[in-house]
Structure formats: structure tokens, C-alpha cells
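Visitor: Listed below are the residues making up each chain.
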Amino acid sequence: MLNAPAPPPAKPIDRALLRDLRLAVEDFNCDYADTLDRGDIEAWPDFFTDDGVYRLIARDNADANLPLSLMSCEGKGMLKDRAYAIANTEMFAPRYTMHHIAQVRVTDFDDQIVTAQANYIILETLIDEPTRLLQCGKYRDKFLLQGDKLLLKERNCIYDTVLVPTCIVFPP
Amino acid sequence: MTNTARFPTPSADAGPDLSDLHWPNDPSEIPDWIYTDQRIYDLEQARIFQGKTWNYVALEVELPNPGDYIRSYIGATPIIVARDEQGAVHAFENRCAHRGVEFCKTYRGSTKQFICPYHQWTYDLSGSLVSVPFRRGVKGVGGMPADFKLDEHNLRSLNVTCRHGVVFASFRDDIESFEDYLGPDMLDQFDTVFDGRPLKLLGVHRNTMPGNWKLYQENLKDPYHATLLHTYLTTFGLFVAGNKTMIMTDAKGRHSTLCNARPQGRPENDTSKQEIRSFHAAMQLADPRVIELIHEKDSPWTSNAITIWPNLILLRQTNILGARQIVPMGPNQFMLIWTTFGYADDDDAMDRHRLRQNNIFGPGGFIGIDDNEAIKFVQDGMQHSVPRHGVAPLGKDVEGPEVVITDRAIRSMYRHYREEMGL
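Chains F and D, in that order, give the protein sequences. Here this note's numbering runs 11 ahead of the position in the first sequence, where the first position is 1. Here this note's numbering runs 18 ahead of the position in the second sequence, where the first position is 1.
If you are wondering where the hints come from, they were derived from the structure by calculation, not from laboratory data. Keep in mind that a hint or two might mislead.
As the list claims (entries may be wrong) - Chain F stretches covered by chain D per the calculated footprint, using a threshold of three residues with CB under 8 Å from any CB of chain D:
(1) 71-85
(2) 170-181
Claimed, not checked - If you want the ones that stay clear, here's a sample from chain F, every Cβ over 10 Å from chain D, calculated:
(3) 92
(4) 100
(5) 102
(6) 144
Every residue, glycine too, gets a C-beta built ideally from N, C-alpha and C.
Could you build all of it, start to finish, from the sequences and the hints given here?
Guide: Printed below as a string of C-alpha cells:
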């Protein structure tokens with residue numbers, strides 16, 4: 012289940028390595044958040060591997076083992092199509108979003124795959140409206156470590172804010 | 019059946035003083051106050067949602083086994099839809115007969131009985147009261163009056179009907195059958211989506227909308243916007259004015275269907291494109307699986323957008339199947355519950371295809387976002403500016419279903435609305 016506790020690592024991981032991996036994931040998340048919060052949606056697919064998967068899932072669906080996602084991309088093509096639609100075809104009011112990502116935890120490292128999770132909060136600001144909470148949720152991630160660079164093989168965003176306020180334009 | 023003896027029907031009331039509100043004489047004009055006035059909102063609850071209407075409340079696949087239940091709504095009223103041990107589906111108010119507690123606080127679940135947490139009044143799966151703690155008090159003192167009868171304190175139950183796996187409920191027993199309520203043409207459309215095959219539940223989205231609930235009915239009765247607002251649809255040919263299109267209503271004008279037949283390939287040569295400034299001729303999808311049409315129906319249409327008065331939008335678009343339930347939350351807000359499904363006999367590949375395609379709809383969808391934003395903009399305009407009348411002037415009422423640049427179905431809905439509301 013997507014929101015079940017992370018299982019213990021398959022093989023024991025050296026504490027120093029675990030710390031380095033956590034710092035690398037934190038750096039990655041900072042860059043990811045900064046890119047989206049600047050509105051540079053067309054750079055978003057580059058955070059993923061070519062076969063990268065992105066899913067945005069309401070927590071009640073995850074709890075009930077229902078597979079529907081609010082956004083779902085399988086591979087770079089679909090990630091790029093989502094980014095293109097946001098940049099070019101969707102109609103929405105201009106907005107600022109701001110991610111706050113915390114409690115980064117690396118739970119496994121095996122065969123260059125880093126399993127990690129983090130909590131996130133996204134604040135959204137529309138013109139002439141007070142800032143509001145758009146989402147709070149949890150990232151359940153799998154990264155591919157290539158040299159010293161991380162890429163997302165899988166990012167599942169499980170959100171507690173099930174009753175979505177109007178809509179979610181930019182991917183959390 | 020309802021147990022209305024204890025619950026008088028509000029629609030019988032005289033209603034509030036509305037003498038300051040005037041409907042414009044021009045039939046193409048719609049006054050702002052129907053979207054913003056609390057008295058109108060309250061009257062709608064009484065006369066429409068608690069009146070002689072069939073309201074969508076659940077899919078049977080959400081409660082497959084005895085004891086299964088979901089939280090739902092009829093109008094703004096929270097209800098529970100549950101399946102009893104014999105397999106019958108019941109709907110009743112989510113409000114304890116004792117102190118009025120909205121006791122069911124889970125989206126869905128399975129139970130033998132419902133126990134209100136406040137004083138543990140206990141109800142069975144049909145909403146009947148089965149036990150009350152300390153009925154005889156303690157040591158013979160206190161407790162219920164001697165003439166207290168359990169069966170006079172059941173939850174308020176609703177009239178329920180099911181067709182092809184879809185559950186509708188009504189506050190009224192004196193209402194026509196669901197089939198007569200829809201009429202033959204709309205029933206035929208309904209059966210295009212629900213053809214009697216067992217369904218498979220894929221999941222549910224929920225979102226709030228800062229707008230009046232009627233704007234959502236209007237949105238799906240408005241073929242004019244579909245081809246202009248939804249750049250994604252026009253760019254990839256899913257819905258284009260020049261496609262074979264039809265909009266029809268039932269005899270009373272309250273339900274409607276908007277159908278579109280998608281051409282093979284891309285519609286660059288469609289002359290109606292010249293009117294659509296947002297069309298992106300050069301755009302290609304990197305992964306066209308999202309819009310791929312897998313043939314599964316004999317219908318001549320590739321999309322059917324069906325509005326069933328007052329609270330249901332049924333959408334079949336390519337291979338997406340979904341029910342959108344409208345839940346009013348005051349004059350300026352409503353909730354949308356999007357229940358997405360396929361058929362029980364879909365294989366894994368078809369499941370994945372439907373899930374992939376659902377990127378188009380929902381509150382994060384390629385075109386779901388367009389509509390949610392547009393409706394917010396309309397309500398912003400009505401709430402922030404001096405009241406005036408909106409206009410729905412396109413097309414003529416006498417024209418046939420093939421004329422699609424028209425507001426005909428919006429006008430027919432409001433003719434029916436005025437009759438039902440006594441406005």
C-alpha cells in the first residue's frame with residue numbers, strides 16, 4: 012500500500028552514507044521546489060528518468076486501494092505533455108505556489124536506487140486573495156543515483172487535503 | 019420509502035418574501051440573484067433537492083457487500099447509502115434522531131450497525147433505531163418515557179431506486195419512476211454509459227468550487243464554451259464545433275445530453291478552427307496514449323455529456339467514464355464529487371488506459387482545470403460587481419439538436435427551474 016510504513020532496508024546501510032544520501036535528496040527537493048515555485052513548469056520533466064513515473068493521489072483513494080490519480084504520468088513523454096498543457100493549453104488564473112518540504116528520510120539504498128520520503132506543504136496565492144493552503148501530503152520517492160546526480164524514477168504524492176480547493180494546476 | 023410522517027416536507031411551506039426580486043422579461047436574461055441570494059438557495063433545497071426530483075447518491079459498486087456504506091449527500095443534506103443483509107440499498111439522513119449528530123464521519127466502510135458516538139443510539143443498515151442505552155434509566159429512575167417507541171425514532175429515510183448499478187434517492191414518494199423522470203431519449207443516453215454491465219470503481223476526486231451549483235449544470239449544457247475554452251479538446255480533436263455534434267433536452271427541459279463524434283486523425287482542416295484563437299495547430303503529444311480511443315461501444319458518439327437534474331453529470335469521453343455529483347454548500351460554493359469507473363470485465367491494460375486517460379478530467383485535469391477556473395471567474399464577477407442580468411442569447415429555441423452554437427439548453431433549464439421554484 013502506498014501509505015504503509017516504509018519497510019526496513021534490504022541490506023544494512025552505513026550511517027555516513029545514509030546522511031550523504033539524505034543531504035542529496037534534500038538538495039534535490041530544494042531544486043525541485045524552486046523550479047516549480049518559479050513557475051518554470053517546462054523544466055519539471057527533467058527531474059525524472061526517461062521512464063519516470065509521477066502520481067498525485069488522494070489519501071482516501073490510497074487507503075482504499077483505489078488506483079485513480081489526480082495527475083498521472085508514465086514516462087518522460089507524458090511528463091512533457093503535462094508540462095506543455097499547463098504552459099500552453101490550460102486556462103487558469105495566475106498564481107504563486109510555494110513548496111515547504113520537510114522530514115526527508117532515506118529508507119533504503121540498493122542497486123543505485125534510493126528510496127526516500129518527505130512531507131510537503133504547498134501554499135497558493137491568487138491575485139487579490141489571501142494566501143491559502145493548497146496541499147499537504149507526503150512524497151514517497153524512488154531516485155536513481157547516476158554518478159553524483161539523483162533523478163526521480165518514481166514520485167508518489169499522497170495528499171491529505173482530499174477536498175481540493177477549486178483545482179491543482181502545477182504538480183505538487 | 020420515506021418516513022415523512024415525522025418529517026414534514028419543507029416544500030409545502032409558503033416560502034420567504036421574495037418581492038424585491040424580479041426575473042427579467044427577456045427570456046435570454048438570467049438574473050444574478052439566483053446565484054447569490056441565501057433565500058433562493060434555501061428555497062432550492064426545499065423545492066428542488068427535497069422536491070420531486072431523483073438525486074444521484076452512489077454507484078452500487080461502492081457498496082458491493084452487505085454492510086457496506088458510503089457517506090453521500092442529497093442537495094446539501096448529508097446522508098448515508100448502505101446495503102443491508104438481504105442486499106437491498108437504503109439511503110437515510112446522516113443525523114441522529116436524538117441530538118441531531120452527523121454521526122458518520124468516514125468516506126466509506128463496512129459495518130453491522132451505525133452507533134451515534136454521543137449517546138450510542140444504534141441504527142441498523144436501513145436506518146431503523148434498534149436500541150437506546152439506559153432506556154429504563156438506572157435503578158428504575160430516569161430513562162425514556164414509558165410510551166417511547168423505537169420505531170418512531172428511525173433516521174429520516176429516503177425513497178431509493180437503482181438502475182444499472184446507479185443509486186438515486188428522493189425525499190418524496192409521490193414521484194414518477196426514474197425511467198419516466200428521464201424520459202425515453204435521456205434514458206437511452208443514460209444506458210450508453212450504464213449498459214447494465216457490472217462496474218469497477220477506480221477512485222474518487224473531491225473539490226470545492228467557489229461558485230453557485232447551477233453554474234455547473236449550465237457548463238455541461240453549453241456547447242459554445244466546449245470548443246472555445248478547452249484548447250486541449252480542440253487541439254487534439256476530442257471536441258470541435260465542426261465535429262458531428264448534437265445537444266438535446268428532455269420534454270421538460272431539465273435534463274440534457276451533449277454528444278460529439280471525434281473524427282479520425284487531427285482536425286486541422288476544420289474551417290471552424292479559424293474562429294478559435296486558442297487552437298495550436300503545431301502541437302503534438304509526445305505520448306498520445308492519453309487520448310487514444312479504444313473502441314468499446316456501438317454508440318455513434320465518442321463523447322456524451324449528460325446532465326440529470328438536479329445533481330448529476332455523467333460523462334463518457336473517449337474511454338473515460340465518470341459520475342460527477344453536485345453538492346451545494348451555500349449560494350456561493352459547492353462541492354464536486356467525481357466518481358470514476360470502468361467495467362468489471364476490463365483487463366489490466368484497459369484499467370491502465372482509463373486511469374491514464376483520466377488525466378483529462380478532475381480538479382487537476384487538462385480540461386477539468388479550465389472549467390473549475392471559469393466557474394470561479396463567473397462567481398467572482400457576480401459577487402464583486404453591481405448586480406445585473408447575465409445573457410444566454412445564442413441560438414433559437416425552435417432549432418433542432420444539431421445546432422450547437424446555442425444557449426438553448428441553458429434557457430430550457432431555467433424555464434423548468436422557474437416552474438419548480440415558483441419564480
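Visitor: State for each hint whether it applies.
Guide: Cross-check of the supplied hints:
{"no.": "1", "hint": "71-85", "verdict": "holds (count 12)"}
{"no.": "2", "hint": "170-181", "verdict": "holds (count 8)"}
{"no.": "3", "hint": "92", "verdict": "5 Å, violated"}
{"no.": "4", "hint": "100", "verdict": "4 Å, violated"}
{"no.": "5", "hint": "102", "verdict": "5 Å, violated"}
{"no.": "6", "hint": "144", "verdict": "13 Å, holds"}
Figure legend: structure checked against the earlier numbered hints; hints not met, in rising order: 3, 4 and 5.
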